[in-house]
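**Student:** Given chain A, work out where chain B should sit, using these hints.
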Amino acid sequence: MHGPDTATGNRALMLEEPLIFEIGSTDTTGVDFEFAGKLDLAGVEQPTPPTPMSETTSRLGAFSRTDEIGLPGLTEPETVRHYTRLSRQNYAIDLGLFPLGSCTMKHNPRLNEKVARMPGFADVHPLQPVDTVRGALEVVNELAFWLVKLTGMHSVAMSPKAGAHGELCGILCIRAALEARGDARKVILVPESAHGTNPATAAFAGYEIEDIPANSDGRVDLDALKARLGPDVAGVMITNPSTLGLFERDLKAISDAVHEAGGFVYCDGANFNAIVGKVRPGDLGVDAMHINLHKTFSTPHGGGGPGSGPVVLSEALAPFGPLPYTARTEDGVVHLVEEEDAVSFAEEHFGGPLQHFGRMTAFHGQMGMFTRALAYILSHGADGLKQVAEDAVLNANYVLRSLEDVLDAPFGHSGPCMHEALFSDKGFAEGLSTLDLAKGLIDEGYHPMTMYFPLVVHGAMLVEPTETESKAALDQFITALRSVAGRAKAGDESLKTAPHYAPRRRLDETLAARKPVLAWKEEDVPPGQPTMSEQGGR
Amino acid sequence: MRYLPLTDTDRSAMLDVIGAADIDSLFVDVPEEARLSGPIEGLPMHASEMAVEKHMRRLSKKNLAAADAAFFLGAGAYKHHVPASVDHIIQRGEFLTAYTPYQPEIAQGTLQMLFEFQTQVARLYGCAVANASMYDGSTACWEAVAMASRVARGKKRKVVLSGALHPHYAEVVKTMAKFTEDEIASAPPSLTPAPDDDGLIARIDEDTSCVVVQYPDILGRLPDLARIADAAHEKGALLIAVNTEPVALGAIKSPGELGADIVVGEGQSIGVGLNFGGPYLGLFAVRDEKHVRMMPGRLCGETVDAEGKRGFVLTLSTREQHIRREKATSNICTNSGLCALAFSVHMTLLGEKGLRALATENHRLACLAADRLAKVPGVKLLNEAFFNEFTVLLDGDARQIVRDLTKQNVLAGVSLGRLFPGNEGLSNGLLVAVTETTTEEDIETLASALEEVLA
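Respectively, the protein sequence lines represent chains A and B.
Start counting the first sequence at 4; every next residue gets the next number (this note's numbering).
Start counting the second sequence at 24; every next residue gets the next number (this note's numbering).
I should point out that these hints are in silico values taken from the structure, not numbers from a laboratory.
Think of the CB as a built atom: it goes at the ideal place given N, C-alpha and C, for glycine as much as any other residue.
One or more of the hints may lead you astray.
[Said to hold, decoys possible] From chain A, some residues computed to sit far from chain B (all C-beta separations above 12 angstroms): (1) 78; (2) 145; (3) 217; (4) 263; (5) 319; (6) 333; (7) 418; (8) 462; (9) 489; (10) 494; (11) 505.
[What the hints assert, rightly or not] Chain B stretches covered by chain A per the calculated footprint, using a threshold of three residues with CB under 8 angstroms from any CB of chain A: (12) 110-116; (13) 129-136; (14) 159-170; (15) 220-233; (16) 379-388; (17) 422-430.
Isolated chain A, as found in the complex (with noise of 0.2 angstroms):
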């Protein structure tokens, strides 16, 4: 604790806030639904006075709630100043640069919010008559044509609510078209470096896991792989930019290797910011890919979502894709294909019939982000897109190479890196760890990198600074970095407990673990803190 205590508990403009249910009380509300009058305004049409309930019969039944629900409400004001003050315990991408690598939190453009907002896509229901909707389908359209252009595809499949719901929409997608033919193939190949998701997305698909190691540059080892490859492999899953910030040089000849052995190649597209209009995954042989809209078109992150996770296939994986998808025909007109029978429509356009494998949500993906999406590429344009790339690859090895001599990278000498720069703990005091540098770097303003990922490094750090960090700014993250890191290898033991200023100390996460609390009861406020009643609301 730093300076005396106060009264409150709160800190000049650092406010410790309760919660809704030690605050709020079930007869407090912040909306009027009471019919209040008439609002007298000249030329302003007038209300009609509504009908009471009494002279409608109730037809809840025998199900009508008696019971308390127990749900606190408080005002408008009070609402307001809950969730200002919550929010100011955050740290956002608006606040600072965000160095989470294989994450990619950049500049959020508001005016995506803008037209996300506009009422044609914010107010239109998703089983509306095609005829209503037609606009709301042609950014759909638009934004799949630019997806499948960027990526050199053949077709995309909108509906995936994040990156792993695509990743399973890719993985089924395969297993469809394998299934077509008649092949029962059991096992999908995995690097070592893979995201967590990619094994536990091709276990959800019914398919056993099994590891590809890397090379001692960090990148996948072909040999290993193509010895493993035969009539069981149903593909591989690979991100490509990878995990460890590289390339993988040899894909196009792991996609023929796999091709050969018939299965399918499956590209984890977290990483696709930093190859975004320099290369495209369909030259590269992939089959699937999905697309992560918040990172390479930098819809806003949200806490934790909502994502979007479109899924870009080759001519193979095409007509497998899940329903609903909408199609331009030949005089302009865009199509939701489920309003309109996908049978016949399949038959009538694309002169056979479809072999979807089935649904993967209720209605069309996630339209608020495709908005963003395709404001965002219209926005950067060709040439703009392109240079998202250059700027992202450029940031990361500014970081990479300014580092180098106070921490270990090891995949530096591998080449240059693609979006993001790993390091790992190597020459750290002993007792100090990853986690250590990491919440001094809270202390010093930032966010921390991602930390203990990929695991195929002893306590990685992975640096990924985007495309829309200034100089500057690189170089006051670059200085803080370097101090963190001078101090965890000279053992200064302060950092075994930082964050010192944050609005939160160091928490116990093995407590919670442990003894889970995952929901408020009255009994649990604690000591000191006011209850409901006592406090009487505020």
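**Tutor:** Then chain B, alone, in the frame of chain A:
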């Protein structure tokens, strides 16, 4: 290029530090033949903010917005009023542009909000624990089926779906089950005034891992959950209750109270707009704490910091993909954090009093609409009980009638023909949803429009 801060001077200074001759030498690992020589074909060069906004507005105007029509669509997505302060709060950069709260000391805002959200959902559903949200109701429904299979340790392979489960939800479950080898027992819905609970119960046997029932169901009817729960439990199966309209739970008994073991649903109604189908908000809760470690998705838990102050962290992550890889309870990685925030803010503004008033107003207007439509010649009300959505049977193909009515700016509802393509027996059914945004004038407009087309 307004989003890219580097200048050419910066770029060359940085290349000097790196020791690279030019930018292309940083792409040296990309094989020459895979590099694009020119710009992406057909994609225009960068555009100004004004130009992009204009383009998007032109596309937006080609759509009929719900607010500009007499609007009666539901079937899993509802038009409710969202207070202005909800959108204001979710647009605060500290929420909008934050990352998943893996660094809890500087993510307490998101974490405390998720803890509050979990508690709100658990109470609404009558459950012990809710997770920190999922993609949407349909995927949450599938995750619940997968969880029931885990609880049964894979020894029970049969999943009994109510025929009156949202057909898209049923399709998602069937799609996924093909790959996990669960057997699905389902039947088409019957156009009866009350759901066929007896038929459903008859399909439950010793091999059943779970029974999935929508409440209220896709036709707006109210199944007897308590009776179905007893029947399921007698055979050692779990009851999964699916709710697509959370506002209803301000007026009807909670699924947890009626014996559902897992309650899932769509949270879009509270705080999240229609958005043409997404992003939405999947809700997921379990009635009994003993099932917590089988749950999918993120969980936020309470703990203390080094000074003993209360704080929040993501917890029980040994269930999750980033720790357990192929042994995870789900491959889900993201959640719908921002939509969960919108839900939580809206729910806080409502409070218990507001939620009940909102539910009452929805039900009152739905009763008025049902009574008025039942008086239209050629229209028959199907439902006995309903909340804010009910089914009417028309003298004619409802799908075509809905399309015809759009010409009069009436979005009349969702035809059962659209929901259940190929099922001729349902083609004259129309699902009509009414909310607090529906006016009595809208109801009159719909009734007269139907009178006209059915005459």
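**Student:** Taking the shortest Cβ-to-Cβ distance between residue 263 (chain A) and chain B, state whether it exceeds 12 angstroms.
**Tutor:** About 19 angstroms separates residue 263 (chain A) from the closest Cβ of chain B, which puts it past 12 angstroms; holds.
**Student:** Is the nearest CB of chain B more than 12 angstroms from the CB of residue 319 (chain A)?
**Tutor:** holds (19 angstroms)
**Student:** Are all beta-carbon distances from residue 217 (chain A) to chain B longer than 12 angstroms?
**Tutor:** holds (15 angstroms)
**Student:** Check whether three or more residues of the segment 220-233 of chain B sit with their beta carbon closer than 8 angstroms to a beta carbon of chain A.
**Tutor:** With 0 residues closer than 8 angstroms to chain A, the segment 220-233 of chain B misses the three-residue bar; violated.
**Student:** Would you check chain A against the segment 379-388 of chain B, counting CB to CB pairs closer than 8 angstroms, and say if three or more residues qualify?
**Tutor:** With 6 residues close enough to chain A, the hint holds.
**Student:** Is the coverage entry for the segment 159-170 of chain B by chain A consistent with the three-residue Cβ rule at 8 angstroms?
**Tutor:** It holds, with 5 qualifying residues against the three required.
**Student:** Once the closest CB in chain B is found, is it more than 12 angstroms from residue 145 (chain A)?
**Tutor:** violated (8 angstroms)
**Student:** Quick one: see if chain A covers the segment 422-430 of chain B, three-plus residues with Cβ-Cβ under 8 angstroms.
**Tutor:** Held - the segment 422-430 of chain B has 3 residues with a Cβ nearer than 8 angstroms to chain A, which meets the minimum of three.
**Student:** Just want to verify: residue 462 (chain A) was marked as not at the interface with chain B; is every Cβ pair farther apart than 12 angstroms?
**Tutor:** Holds, because the least Cβ-Cβ distance between residue 462 (chain A) and chain B comes to about 16 angstroms, which exceeds 12 angstroms.
**Student:** Could you let me know if the closest chain B CB is still more than 12 angstroms away from the CB of residue 494 (chain A)?
**Tutor:** The claim holds: residue 494 (chain A) sits with its nearest Cβ about 20 angstroms from chain B, beyond 12 angstroms.
**Student:** Mind checking, does the segment 129-136 of chain B have 3 or more residues with a CB under 8 angstroms from chain A?
**Tutor:** holds (count 7)
**Student:** Hey, is residue 78 (chain A) genuinely clear of chain B, shortest beta carbon separation above 12 angstroms?
**Tutor:** violated (8 angstroms)
Violated hints, in rising order: 1, 2, 7, 11 and 15; the structure is consistent with all others.
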